[in-house]
Amino acid sequence: MFDFLNLSIGLPGYVALLVLVAFAAGTMGALLGFGGGILMVPALILLFGVEPHLAVAASLLSVLATSVGSASTYVATGLADLRLGMFLEPATVVGGLAGAFVSVVLLANHGQALVLAFVPVVLVAAVIMYRTRQRDTQPDAAPDRWSDRLRLRGTYYDERRREWVEYRVTRAGAGLALAGAGGVVSGLLGIGGGIFNVPAMNSLMNVPIRVAGGTSNFIIGITASAGALIYYFGGDVAVALTAPVALGALAGSSVGGQLHRIASAVHLKGLFVGVLFLAAGVLLLRGVGVL
Amino acid sequence: MTKREERAREESLDPLSDAIGPEVFEPPLVVADRRVEGRKPAPAWTVPGLLPRVVSRTLWTGMLVAGGLLVVGLALLAVQGANSLANFSFQGTSFGLSSFANGLLHGSANSVLLLGFLVLILTPLIQVAASAVLFLNDRDRPFAALTLAVLVVVAVSFAVGLHA
Numbered sequence: 001m002f003d004f005l006n007l008s009i010g011l012p013g014y015v016a017l018l019v020l021v022a023f024a025a026g027t028m029g030a031l032l033g034f035g036g037g038i039l040m041v042p043a044l045i046l047l048f049g050v051e052p053h054l055a056v057a058a059s060l061l062s063v064l065a066t067s068v069g070s071a072s073t074y075v076a077t078g079l080a081d082l083r084l085g086m087f088l089e090p091a092t093v094v095g096g097l098a099g100a101f102v103s104v105v106l107l108a109n110h111g112q113a114l115v116l117a118f119v120p121v122v123l124v125a126a127v128i129m130y131r132t133r134q135r136d137t138q139p140d141a142a143p144d145r146w147s148d149r150l151r152l153r154g155t156y157y158d159e160r161r162r163e164w165v166e167y168r169v170t171r172a173g174a175g176l177a178l179a180g181a182g183g184v185v186s187g188l189l190g191i192g193g194g195i196f197n198v199p200a201m202n203s204l205m206n207v208p209i210r211v212a213g214g215t216s217n218f219i220i221g222i223t224a225s226a227g228a229l230i231y232y233f234g235g236d237v238a239v240a241l242t243a244p245v246a247l248g249a250l251a252g253s254s255v256g257g258q259l260h261r262i263a264s265a266v267h268l269k270g271l272f273v274g275v276l277f278l279a280a281g282v283l284l285l286r287g288v289g290v291l
Numbered sequence: 001m002t003k004r005e006e007r008a009r010e011e012s013l014d015p016l017s018d019a020i021g022p023e024v025f026e027p028p029l030v031v032a033d034r035r036v037e038g039r040k041p042a043p044a045w046t047v048p049g050l051l052p053r054v055v056s057r058t059l060w061t062g063m064l065v066a067g068g069l070l071v072v073g074l075a076l077l078a079v080q081g082a083n084s085l086a087n088f089s090f091q092g093t094s095f096g097l098s099s100f101a102n103g104l105l106h107g108s109a110n111s112v113l114l115l116g117f118l119v120l121i122l123t124p125l126i127q128v129a130a131s132a133v134l135f136l137n138d139r140d141r142p143f144a145a146l147t148l149a150v151l152v153v154v155a156v157s158f159a160v161g162l163h164a
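These protein sequences, in sequence, are chains A and B. 1 is the number of the first residue of the first sequence in the numbering used here; add one for each residue after it. 1 is the number of the first residue of the second sequence in the numbering used here; add one for each residue after it.
Calculated from the structure, these hints are not laboratory results. Only a predicted model underlies this, so the values are computations on that prediction, with no experimental measurement involved. From the three backbone atoms N, C-alpha and C, an ideal C-beta is built for every residue, glycine too. Watch out, some of these pointers could steer you wrong.
Cβ-to-Cβ under 7 Å is the rule here; a few derived chain B residues that face chain A [to be verified]:
| # | residue |
| --- | --- |
| 1 | Leu50 |
| 2 | Leu162 |
| 3 | His163 |
To spell it out: a stretch of chain B is covered by chain A in this simulated footprint if at least three of its residues, at any positions, have a beta carbon under 8 Å from a beta carbon of chain A; those stretches are [claimed, not checked]:
| # | stretch |
| --- | --- |
| 4 | 69-79 |
| 5 | 141-154 |
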């Protein structure tokens, strides 16, 4: 594999490249709400020659930086729906625990092939998102019983369209299941929750893509911090490696948040389709044991 | 559609209803020009309510503190060594409380960076705890239960994960 360590770029060059890659991952992660881990982990392993467990820990910290860096703005502007986020969060966290348990205990870390089962899910999500890119949500969809009882609805100001937009959640149960599946994948893999959260909210639950991305950003902060706690106290954080990665992601997240203000729903969905195809590739590589 | 359902529907569509919070929600007629408002913009597009404000402030503070610590830590790292790829550590750093505290007192780069990471990790959890308190205060039982459940699951996963 291509490996910057073998190039004579020296420490400054290596660190600068780390910051640059993390900046790009943070920008995309904050803009689309998937956190950037699905880009960061392969980059660290394949390009920077980092051991997988250290790469996952560093990537978790970069996802955290991305989420914390952008979520405060998203929450204040209603682009991160707190109630919707707290509705999906338990499913994601419990799914993550289940995935980690299956991976470590039942399959003794030989469960990578299980990841392959989720590749078609990602591809289907990509196709659905591509086909619905011109119409963001269905305005006349009726809320289901759960969404109604839990008041899962909201309003936000769309700075591009210059108008207030209202939305109401539908199919809360199905969305919850897909968010849980996202948790399982992230537990099996150490990455990937946001990849499922955004399609779950947008395609299933009828949440506008801007709010889906903002809310996913908020959710993955909590999910990543649950995972990062274990890596941190387990001694898997390589300090000198993780610091530039986290700082780069933090800087990128503020740029991503600004881009989010001017991007249209069509842009966001189109970009997310690209990320989903990339994610399918990463899952495939992981499933066959390359990553 | 029954009368009651119709009323509920109308209420949920009406931005002046309590769809977002207990306060009356008034969409501004004109979005304020941020340049005019000077250094501290009072964005007309922020959502009202105590919960978003508290959560947003918590995340914002965590970001500033963690970011500051990481910048300082990296500067210290550059000064205190790690000047070639060979001694750029690719090992995980085990966390020991005494060496961590001692390092902080002596301004060691490792300890400052570890503190920055810890702030980053704890920020979302502090925010969840704060939300739980606010939901309890609002007697919003389903969401108080959901937020508390998240905290419990995170604690359990931490205990089990560290043990494994």
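Results for each hint:
1. Restraint check, B/Leu50 versus chain A: the minimum CB separation of about 11 Å is more than 7 Å; hint violated.
2. For B/Leu162, the shortest C-beta to C-beta distance to chain A is roughly 6 Å, which falls under 7 Å, so the interface hint holds.
3. Against a cut-off of 7 Å between C-beta atoms, the interface hint on B/His163 is violated, since the closest Cβ of chain A lies about 10 Å away.
4. Restraint check on the stretch 69-79 of chain B versus chain A: 5 residues with Cβ-Cβ distances below 8 Å, three needed, restraint holds.
5. Proximity of the stretch 141-154 of chain B to chain A, defined as three or more residues with a beta carbon under 8 Å from a beta carbon of that chain, is established by the 8 residues found.
In this structure, the earlier hints numbered 1, 3 are contradicted, and the remaining ones agree with it.
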